[in-house]
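K.L.:
Sequence:
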Amino acid sequence: FPCLEQDSSRATRMPAKKRKAGAQGWRASRPKHVQESELNVGTRGVMITCDTHAEKGAVREGFDVLAQAWDLLAPPRVAAAQDVASGGGCDGEGGGAGESSGVIDIAREIAAESAALSEGRRFFVAQTGCAGFVVLRLNAALADGASGSPSLLELVNRVYASVATDGELAVRFVARMLPCQTVCRAELPKIATAVRETVAAEVKRRGAGACPATFAVQFRQRHNTKALDRDEVIRVVADSAKLELGSARVHIADPELCVVL
Numbered sequence: 001f002p003c004l005e006q007d008s009s010r011a012t013r014m015p016a017k018k019r020k021a022g023a024q025g026w027r028a029s030r031p032k033h034v035q036e037s038e039l040n041v042g043t044r045g046v047m048i049t050c051d052t053h054a055e056k057g058a059v060r061e062g063f064d065v066l067a068q069a070w071d072l073l074a075p076p077r078v079a080a081a082q083d084v085a086s087g088g089g090c091d092g093e094g095g096g097a098g099e100s101s102g103v104i105d106i107a108r109e110i111a112a113e114s115a116a117l118s119e120g121r122r123f124f125v126a127q128t129g130c131a132g133f134v135v136l137r138l139n140a141a142l143a144d145g146a147s148g149s150p151s152l153l154e155l156v157n158r159v160y161a162s163v164a165t166d167g168e169l170a171v172r173f174v175a176r177m178l179p180c181q182t183v184c185r186a187e188l189p190k191i192a193t194a195v196r197e198t199v200a201a202e203v204k205r206r207g208a209g210a211c212p213a214t215f216a217v218q219f220r221q222r223h224n225t226k227a228l229d230r231d232e233v234i235r236v237v238a239d240s241a242k243l244e245l246g247s248a249r250v251h252i253a254d255p256e257l258c259v260v261l
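Just so we're aligned: the sequence shown equals residues 1 to 261 in full-length UniProt numbering.
What the hints contain is simulated information worked out from the structure, not anything from laboratory work.
Among these hints, one or two may not hold up.
Straight-line distance between alpha carbons at most 20 Å, and here's what the computed EDC-like set of lysine to aspartate or glutamate pairs gives [unchecked claim]: (1) Lys204 with Glu187; (2) Lys190 with Asp229; (3) Lys242 with Glu202; (4) Lys190 with Glu38.
From a predicted model like this one, the values you see are computed outputs, not experimental measurements.
Sequences and hints are given; from them, build the entire structure.
P.N.:
The following block contains the structure:
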């Protein structure tokens, strides 16, 4: 190869080597890690619909709206526990040392439990694979109403009650919000089992004497237009719901209980 002579008046540069993608080269930009999970069977949470390409904004708004409703339904109990503890010590001379220490221990347990719940996340994003459709999965530790947490139905009803009272909701991307009691495979036997278990749990939550007298079935089909027949699904869901509702009759216009698929 010919030698390159250094000219004092004009410097000659060697061409830079082309970098290659690899361990010592440039790396393609990667999205930051986001805590997400798959939409598995049995998942419980809140479904949110929005416009296409507005999923990120809907997730942020969903977290904020649900957090506000959660705080209204299940406010922190630390202050109440502290009031109980102080009241037990100021009751005069009637209360013994053992009773006051027991109340203080209960207050400490409640405070520790509330702090643990505040540190943990209540909802996580679950991947659905559908544009304009988001599911916020409820934390498994709170799924069964543990630690005084509100049910999903109460939570979403609180959001809509706030809209009815205030007349507006400060959201831009969220179009609709529904409680997701369970997730199952798109098969008729699986759907029938899931509906029966969900309706039975709702009847149990309402208590004796509060069983719905009317019900309705709403079916929404998306990205699955050939696998299931609409009329067949509605028939199976209605039959499964009647097994738990007894003498309840169908009332499409104004039902006391609505099963949405």
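K.L.:
All hints, please: hold or fail.
P.N.:
Do the hints match the structure? See the list:
no.	hint	result
1	Lys204 with Glu187	violated (26 Å)
2	Lys190 with Asp229	holds (15 Å)
3	Lys242 with Glu202	holds (13 Å)
4	Lys190 with Glu38	holds (19 Å)
Against the hints set out earlier in the document, a violation occurs for number 1 only.
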